[in-house]
Structure formats: C-alpha cells, structure tokens
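As you go down the protein sequences, you meet chains L and C in turn.
Just so we're aligned, residue 0 is where the first sequence starts under numbering that gives the first Met the number 0, counting upward by one.
Just so we're aligned, residue 0 is where the second sequence starts under numbering that gives the first Met the number 0, counting upward by one.
Hints are computed from structural coordinates only; laboratory data are not their basis.
It cannot be assumed that every hint is accurate.
Copies of the same chain look alike in the list, so a pair counts if it fits in one copy or across any two.
What the hints assert, rightly or not - In silico DMTMM-like cross-links for lysine to aspartate or glutamate, where the CA-CA straight-line distance does not exceed 25 Å: (1) Lys-414 x Glu-308; (2) Lys-242 x Asp-256; (3) Lys-242 x Glu-308; (4) Lys-314 x Asp-231; (5) Lys-312 x Asp-266; (6) Lys-142 x Glu-488.
Protein chains: 2
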Amino acid sequence: MQNVSLAPDGTEYQIPTEEENARERETLIKITEEQRALGRKIVAVQGLGFVGCVMATVVADATDKNGEPIYFVHGHQRASKRSFWKVPVINSGEPPVSSSDPEVPQIFHRTVVEKKNFRATSEDSVYSLVDIVVVDIQLDATKPSFGEAEKGFCDLLAFREGIRMLGQHIRPDCLVLVETTVPPGTCEKVVKPILEEEFTKRGIDIAVNPPLVAHSYERVMPGAKYVASIRDFWRVFSGVNQKSIDLCREFLSNVLDVDNYPLTQLDNTNASELAKTMENTYRAVNIALTLEWARFAEQIGVDIFKVREAIRKRKGTHDNLLRPSLGVGGYCLTKDPVLANWAMQTLFGLEGTLGMAIRSVNINDTMPLHTIDLIKTVIPELTDVNVAVLGVSYLENVGDTRHSPSKVLVEFLRKEFAKVLTHDPYVETWPELEDSQVESDLQAVLPGADVVIFAVGHDQYKGLKPAEVLAICGTKPLIVDCSNFLSDETIAEYKKLGCQVRGVGKGHIV
Amino acid sequence: MQNVSLAPDGTEYQIPTEEENARERETLIKITEEQRALGRKIVAVQGLGFVGCVMATVVADATDKNGEPIYFVHGHQRASKRSFWKVPVINSGEPPVSSSDPEVPQIFHRTVVEKKNFRATSEDSVYSLVDIVVVDIQLDATKPSFGEAEKGFCDLLAFREGIRMLGQHIRPDCLVLVETTVPPGTCEKVVKPILEEEFTKRGIDIAVNPPLVAHSYERVMPGAKYVASIRDFWRVFSGVNQKSIDLCREFLSNVLDVDNYPLTQLDNTNASELAKTMENTYRAVNIALTLEWARFAEQIGVDIFKVREAIRKRKGTHDNLLRPSLGVGGYCLTKDPVLANWAMQTLFGLEGTLGMAIRSVNINDTMPLHTIDLIKTVIPELTDVNVAVLGVSYLENVGDTRHSPSKVLVEFLRKEFAKVLTHDPYVETWPELEDSQVESDLQAVLPGADVVIFAVGHDQYKGLKPAEVLAICGTKPLIVDCSNFLSDETIAEYKKLGCQVRGVGKGHIV
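Please put together the full structure from these sequences, using the hints given.
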C-alpha cells in the first residue's frame with residue numbers, strides 16, 4: 000500500500016516506479032514532437048487542482064480560425080499519494096472534480112479523448128518541453144489563531160519548490176504565467192529571483208535571457224458555470240518585462256473569449272497581484288459590514304434582507320451590497336485579505352496593517368458563533384440538545400466544503416456538548432471535518448431534533464413544508480434560518496405549528 | 000442690527016416683529032382657505048435647508064392628471080438670524096441655494112411666481128393648517144475628538160423641539176413624514192412619544208387618534224441633477240401604523256416619479272431609518288478600504304486607480320468599488336455611520352459597536368493627513384513652505400464645502416507652519432474655515448508655490464497645462480495629485496519640466 004494513491008471513489012492507483020517514469024519521459028518527448036509537427040505550441044499546467052485542471056482543458060480546447068487546436072497541454076501533478084490519482088483519471092477522459100456544470104465532463108472528454116491534445120503526467124521533466132507554463136499551484140493562508148487574522152501568514156515553501164523545479168527545467172524563452180492567487184509582490188520578489196538563480200546555475204546568461212514571468216488571475220466560481228467562469232470572463236494581467244507581457248497577452252487572447260471580455264493590462268505584476276486580493280477583500284469587507292448590521296437589525300425588529308433589497312435598488316452604486324449568512328467560506332474571501340496584509344508586512348517590510356481587510360476576515364471567520372448565540376436566546380443551555388445542521392458546504396447548491404462556516408458552527412456546538420447531526424445533499428464526505436457523518440437523508444438527522452438549523456440555502460430545502468419537517472422531527476424544534484431561506488409566510492406557518500423561529504438578520508420575526 | 004438676518008449676498012432682512020407675525024397668521028389662514036377651495040391639499044415643509052427647500056418645490060410642482068397642482072406648500076423656516084433671510088428670498092422666486100443644476104432656479108420661479116403654490120413663512124402656527132408635514136430639520140453627528148468616531152453622538156435637542164412644535168399645532172390626522180436622516184429608532188422612540196405627549200396635553204385621545212408618523216429618506220446629490228435626485232429616484236418608506244404607511248405612499252406617489260422609480264415599503268420605520276444609514280455606511284466603508292490599499296499601492300509601484308478600473312469590469316458584483324482621494328467630505332458619509340452606532344448604543348441601549356462603520360469614519364476623517372505625509376517624503380520640514388491648495392469643496396465641480404477634507408488638510412498644514420493659500424472656482428466663502436480666503440484666480444495662489452496640491456478634481460483644473468502652471472508659479476513646485484487628476488502623460492510632462500510629483504494611490508509615478 001506504500002505506493003498507492005486513493006481516488007475519492009475508492010479506486011487505488013499505483014504511483015509510478017522509476018522505470019515507469021523513464022518510459023514516461025520518452026513518451027512525453029515523442030508526444031511533444033508529434034504535436035509540434037502539427038504546428039501546435041506546447042503548454043504545461045502546473046497543479047491540477049480546482050483551477051488548474053479546468054484551465055488545462057480550456058487551453059486545450061482553444062482553436063485557430065480553421066478550428067484546429069492551437070495548443071497541446073501537458074497537465075502536471077506531483078506523484079503524491081494525495082493527488083497522483085488525478086493523472087490516470089484525467090487520462091481516462093474523466094474530470095478529477097465533481098461539478099454541477101455539465102460542460103465539465105464534456106470538455107474533459109473532448110480534449111482528452113476526441114482532440115487528444117490534453118494529457119496528464121506526474122513526470123517533472125515535462126517542463127523542459129514546453130513554451131508556456133501556467134502555474135496553478137495551490138497556495139493558502141495559515142491563520143494560526145481563530146479570529147485573529149492579523150497573525151495570518153503565507154507559507155510559500157511548496158510554491159517556491161514548484162517554481163524552482165521550473166527554473167531547473169524550462170527553456171530560457173518559456174513564459175511562466177502565474178495564475179495562482181499570490182501575495183502581492185510574489186512574481187517580482189519570489190518567482191523572478193528563483194528563476195534567475197536556477198537559470199544562472201544552468202549557465203544561462205540572464206542578462207541575455209531574463210526569465211519571462213507574467214501574472215493573470217482567474218475568477219473561477221464553482222457551480223453551474225464553472226468552465227465559463229474561466230474562459231468567458233474578464234482577465235487582468237501584467238508581466239515583469241515587455242516580452243512577458245506580449246507573450247501573456249497573445250496566450251490569453253488565444254485561449255479566452257477576449258472579444259466579449261476584453262483583457263485589462265496593468266503596469267506591473269504587483270498591480271495584477273494586488274488587484275486579485277483587493278477584489279476579494281472588497282467582498283469580504285462588504286459581507287463583514289452586513290454581518291454587523293444584521294446583529295443590530297435582529298435586535299430592533301428589522302429584516303436586514305429587505306433593507307438590503309431596498310438599498311440595492313440604486314443600481315451601479317449600491318447593488319454590490321452582499322448579504323449576511325451563517326458566515327463566509329470558500330477559498331478566496333477567507334484568505335486573500337490575509338495574503339495581502341502579510342505581503343505588505345513581510346514581502347515588502349512595510350509598516351501598518353490593512354485594517355479593514357483584517358477586521359473583515361475576523362468578523363467573517365467568527366460569524367458562525369452568532370448563530371449559536373441566536374439559539375441561546377431561546378435555549379440557554381446546549382448540553383445534550385439535539386441539533387440538526389442542514390447544509391455543510393459553503394455555498395448554495397454546491398458540494399464545496401472548503402473553509403465552510405458550517406465547520407465552525409459544528410465544532411463550537413460540540414464544545415457546548417450539543418449533539419450535532421449534519422445533512423447535505425451535495426456533500427458525500429467532509430474532508431475538513433472527517434469525524435462528522437454527512438447524511439443525505441433528512442430521516443437520519445431530523446427525528447428528535449430540538450434545533451433545526453437551515454445553515455445553507457440549498458434548493459432542496461426550499462421545497463420542505465413546515466408540517467413535513469415537523470412530522471419527521473416528531474418534535475417542535477427551534478427553527479434557525481441562517482441565510483434568509485424562510486419566507487415570512489413559512490415562518491408564520493412554523494410559528495402556527497408551535498415552533499419558535501430565529502434568523503440571522505431577521506429581527507422582524509422575533 | 001439686532002433683528003436682522005444677513006443673506007450670503009450681503010442683503011439684510013428684518014426679522015418680523017410680533018405685529019407682523021400676527022398679520023402673517025391671518026395671511027396664512029386666508030391663503031390656505033383659498034387653496035383648499037381649489038381642491039388642493041396643504042403641505043408644510045419644516046426646515047428650508049439643502050433638502051427641504053428643493054423638496055418643497057418638488058411637492059408644489061406635482062400635478063394631477065389635468066395638470067393642476069395637487070398641493071399647496073408652506074415652507075417653514077425659523078426666524079433665526081442665521082436662516083430667516085431664506086423666507087423673503089424664496090418668496091421673491093429665487094432659490095436660497097446655489098447650484099449647478101439649471102432646474103433649481105426654474106422650479107423655484109415656476110412654483111413661487113407662476114403657479115403661486117409655494118410660499119415660505121417663519122410663523123409656527125402654519126402647522127395647524129396643514130394635512131402633511133415633511134420634516135427636513137438638519138440633524139448632525141457631533142464628533143468631539145478627531146479620528147475617534149466611536150465617541151460621536153447625536154444631539155437631538157433641536158430636532159425634539161421641532162417635533163414638539165408640531166405636536167403643539169398639527170391636527171390629529173396630519174401625517175408627519177420625517178425625511179431627515181435620523182438615528183435608527185427615532186420615529187418610534189422620539190417622534191411618536193413627543194407627539195403623543197403633546198396630543199394628550201391638548202386633550203386629544205391618542206387611542207382614537209394615534210399620531211401619524213412616517214419615514215422616507217431622500218437621496219439628494221448636489222450638482223447638476225439636484226432636483227432630479229429628489230424627484231426621479233428610488234424611495235424607501237415606512238410608517239408607525241397602517242394609516243401612516245398608506246398616507247405616506249399616496250403622498251410620495253403623487254410627488255415622485257414612482258412609475259420609473261417604484262417605491263420600496265419596509266416593515267417599520269426602524270428599517271427605513273436603518274436602510275438610509277446603512278446605505279451611506281456601505282459607501283464610507285468602501286472608500287475606507289480603498290484608502291488603506293492606496294497607501295499600500297503607493298509603496299509598491301502600483302496605480303490603485305488602474306487596479307480599481309480592472310476590478311470594476313465585473314459589473315453587478317464589483318462595480319460599486321469607490322476610489323481613494325484626499326478624504327471624504329459632505330454631509331452623509333461622514334455622519335450616518337456615527338448616527339447608527341450612537342442609536343444602537345444609546346437609543347436602543349445595546350452592547351457592541353458597529354465596528355466596520357466606525358473604523359471607516361476614522362480612516363476617512365484622518366485621510367487628509369496622508370497627503371501631508373506624501374509631501375513630507377519630498378519636503379520633510381514644512382515650516383514657511385508655500386503651499387497652494389487647489390479645491391476646497393468636497394466634490395468635483397460643486398461649491399459645497401460641508402465637512403470638506405480640504406479643511407483638515409489646511410488646518411494640519413498650518414499646524415506644521417506651512418503658508419497655505421487656497422483656491423476654488425466654485426467657492427466664494429468657506430463658512431467652515433472663515434479665516435481662509437478662497438481665491439478664484441490662480442494668480443493669487445500659485446506664484447512662489449513650493450507645493451501645489453490638486454485637492455479636488457474640478458474640471459477647470461483639467462485644462463491646466465504643466466508649462467502654464469509653472470509659468471504662474473515661477474518655481475518648480477512639488478505637484479501632489481489627491482484625486483487621480485493628472486494623467487500619466489501630464490505627470491511625465493511635469494517631471495520633464497523639473498518637478499517632482501506624488502499622488503494618493505499613485506505608486507507607479509514615484
């Protein structure tokens with residue numbers, strides 16, 4: 000079992016031996032030569048995670064005026080136990096991610112099986128064969144202390160290693176296009192120096208062949224428009240020198256729908272990197288604001304969601320106003336403000352704090368505790384109280400549990416000795432909270448419930464009638480609505496049936 | 000001189016004597032009877048300030064299907080030395096405010112002189128004659144300590160007096176429509192109890208005749224669409240009981256363009272009051288965010304304004320992102336977050352702070368000091384340094400100096416013993432900084448300048464060519480751009496001519 004990678008569906012895949020790697024190297028050279036002979040440029044995508052694997056298919060799917068593929072794409076994934084399985088899965092024509100977007104399986108099948116111009120590998124030497132590397136290495140912020148994002152940092156170790164590997168293999172004229180969301184300054188202060196160092200070691204004169212580094216960030220959204228959110232959307236980019244900028248523009252123009260979503264070029268990579276983290280901080284700050292006002296609204300009989308709709312009538316100036324909920328999850332809003340603050344203090348050594356950014360993350364990260372406070376206004380003592388949490392993903396109608404606020408909710412409910420059962424129609428396993436069984440049948444979580452929390456507004460929950468819910472419960476539980484899920488009419492019905500109801504930002508129902 | 004009110008143009012107006020007031024009472028009764036005979040309802044607007052005087056004309060200008068005026072409007076302004084002059088000015092058909100909106104003088108002339116259904120008075124008894132009072136009393140937040148908005152409070156004394164006067168005069172079935180931006184809770188906790196108290200004193204049974212109180216906030220913007228921003232814009236409203244709500248809806252529907260800008264009714268007046276303060280807090284928070292990132296951008300070679308444009312490409316989700324500048328001025332964004340925080344803590348006695356709101360006000364209020372820091376990166380010691388500040392209003396192409404950040408800039412430059420001259424084409428007098436002579440001729444401020452600050456982006460400054468500016472200066476001053484006023488090309492030209500240039504959020508030029 001030592002050299003096996005386990006796929007989510009339980010299939011075991013042998014990690015390649017040295018011999019197999021040697022054969023793979025020959026295969027890569029042969030394929031690459033064949034593809035070059037077809038007039039195609041060769042691209043490697045580094046990291047086949049949530050963004051990388053779909054980006055790879057989008058690149059492979061790009062065609063010229065005659066409908067011929069412009070690129071051949073090598074997807075590269077390290078041969079780790081955790082991730083190697085993606086290589087054989089992709090090469091069978093299947094996506095390594097589950098998605099509600101029907102285009103996802105289609106584009107994998109089309110590029111891998113039909114066009115045969117996308118192939119995955121775990122062999123590092125692939126980088127020596129390519130014209131462009133798209134860097135999609137995962138990069139996270141570490142927040143060592145709950146609710147203290149100011150202590151957050153970015154561990155660049157694996158990222159540096161990934162870039163160093165490129166420096167050891169790539170041709171001097173290969174464009175390194177960083178697509179990962181990175182702390183501002185990373186291309187100039189991390190990527191470029193490492194490539195220069197490795198180039199110099201290899202005897203490449205960096206005065207003649209300065210590394211070509213560009214940055215362009217994706218704006219991918221999980222859900223029904225997963226592929227389109229990569230391909231058919233506005234892009235911002237820049238590069239560390241003019242040649243990088245020109246090559247990046249050419250590449251993005253080939254791959255993306257730039258006619259409908261024109262590219263935006265910024266002055267330098269610092270600007271492009273800063274734009275991505277600021278963009279997400281804008282949303283994090285926006286949500287944090289609504290959370291503070293939701294708490295106020297709850298205590299003065301106000302429905303913050305109706306207030307929000309009233310404000311959003313002012314299109315163009317006020318319609319970005321977001322809404323409060325259980326809390327903020329996902330991969331971007333929880334970490335990007337921290338990356339920027341850390342970059343300012345550490346990569347640039349500047350004084351001060353991005354205070355609005357950090358404060359917003361702290362408010363958002365700790366927001367799930369407010370739902371527990373709401374419960375306690377009705378049930379002060381939670382020991383042995385049966386709580387059913389409906390929804391553990393971080394977004395409606397999506398099975399993505401990364402940084403889900405439901406995790407904080409469940410953990411803190413358990414700290415109060417509540418008995419917590421969880422349900423989600425989109426989530427089979429919950430990797431971030433492995434000891435929690437996520438049920439797909441309401442019959443498994445509702446019977447005997449003292450509290451039912453509508454944590455995430457999945458469509459499936461919308462069809463539930465109060466009488467139906469109470470029949471399964473066999474109790475008259477406290478109903479808690481975290482995401483403006485219940486209409487005023489449904490709330491009135493629950494009350495009529497003898498339940499108490501509370502809701503985040505819903506002061507008008509108390 | 001004891002009983003004289005001085006208009007801004009220097010004209011003196013005698014404040015009415017008791018005899019004159021007695022005659023005015025008879026006149027008011029006569030006019031009101033005549034107007035009722037024409038089938039018109041009678042409205043009073045309480046407070047003829049920035050909002051009230053224009054709102055009064057909009058109400059008077061409203062017509063029925065036959066083009067006949069629906070209302071007669073009594074504008075009421077207290078007979079104070081500071082403000083009485085507005086009464087005779089309005090009654091001559093002239094607006095008591097200056098504006099770049101050509102509709103302002105037109106609508107005053109049309110309603111006062113042509114239709115003769117708007118008239119101003121300082122006589123309190125007018126309130127006994129009317130069907131509706133629109134309350135536009137000014138209400139400000141007091142921030143006793145610079146940069147510490149958490150200590151801010153709302154002094155309701157004058158507002159309470161105004162409402163009490165209504166309670167002493169109005170008919171029991173008169174609708175009191177509060178249009179002033181008030182701390183959330185004001186209608187329920189201040190207006191209604193005062194009216195109930197005064198009604199009871201007058202022998203009115205409030206069980207039979209509960210006071211009719213509604214709240215609907217304006218969204219007026221100074222500038223070229225002043226009148227339209229009151230009349231042709233979305234409105235939010237609510238009332239303390241069903242009759243108040245119904246009367247308010249009827250009134251607003253008669254007066255405003257509700258076909259194109261439908262009304263939004265909220266559950267209660269707390270909600271409507273909260274919506275207004277949250278709406279402006281949303282913008283205050285938004286700006287504070289950009290200010291923090293502007294400082295970061297300046298130090299890493301990034302132009303935050305280009306970053307902003309890149310982010311704003313995402314229409315509907317990111318296009319509300321505002322821009323940094325010298326600071327935040329005006330009447331709304333500087334006070335509304337404070338009103339809400341004070342209401343939460345004081346009117347409702349709740350724990351906690353609206354932290355994002357308060358923090359944003361502190362960042363915004365102190366932002367002008369950052370421009371001084373920018374200057375000091377080039378000129379560390381400001382004693383006897385000649386500084387020309389171009390623009391003292393708080394908004395481009397508008398002469399409104401209320402809470403202008405230029406005031407903070409000038410005051411703190413003076414504390415550093417700089418010699419400051421100020422210029423603004425739209426501002427004749429600067430009531431908030433009376434000892435500062437505001438020049439309208441650049442020849443009066445530029446000669447000998449060591450620093451030229453483009454504080455506000457008035458159009459007039461946009462035509463200025465660098466060579467022209469330097470010719471008037473006779474020096475090679477440091478040029479400071481606080482509002483993304485200078486293009487990259489213009490900055491290059493200033494540099495070519497030997498100037499240094501700095502700008503808020505403009506790291507790419509250093």
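A quick look at each hint next to the structure:
Taking identical chains as interchangeable, the C-alpha atoms of Lys-414 and Glu-308 are never at most 25 Å apart, the minima being 36 Å within one chain and 46 Å between chains. Taking identical chains as interchangeable, the C-alpha atoms of Lys-242 and Asp-256 lie at most 25 Å apart only when both belong to the same chain, with a minimum of 22 Å there against 55 Å between chains. In this homomeric assembly, Lys-242 and Glu-308 come within 25 Å of each other (Cα to Cα) only across copies, at 24 Å, whereas the closest approach inside a single copy is 47 Å. In the homo-oligomer, the alpha carbons of Lys-314 and Asp-231 lie at most 25 Å apart both inside one protomer (23 Å) and across protomers (14 Å), since each shortest distance falls under that limit.
Taking the shortest Cα distances, Lys-312 and Asp-266 sit within 25 Å of each other only across copies (17 Å), while inside one copy they are farther apart (35 Å). Neither within a single protomer nor between protomers do Lys-142 and Glu-488 lie at most 25 Å apart by alpha-carbon distance, with minima of 41 Å and 43 Å respectively.
Consistency note: the structure conflicts with the earlier hints numbered 1 and 6.
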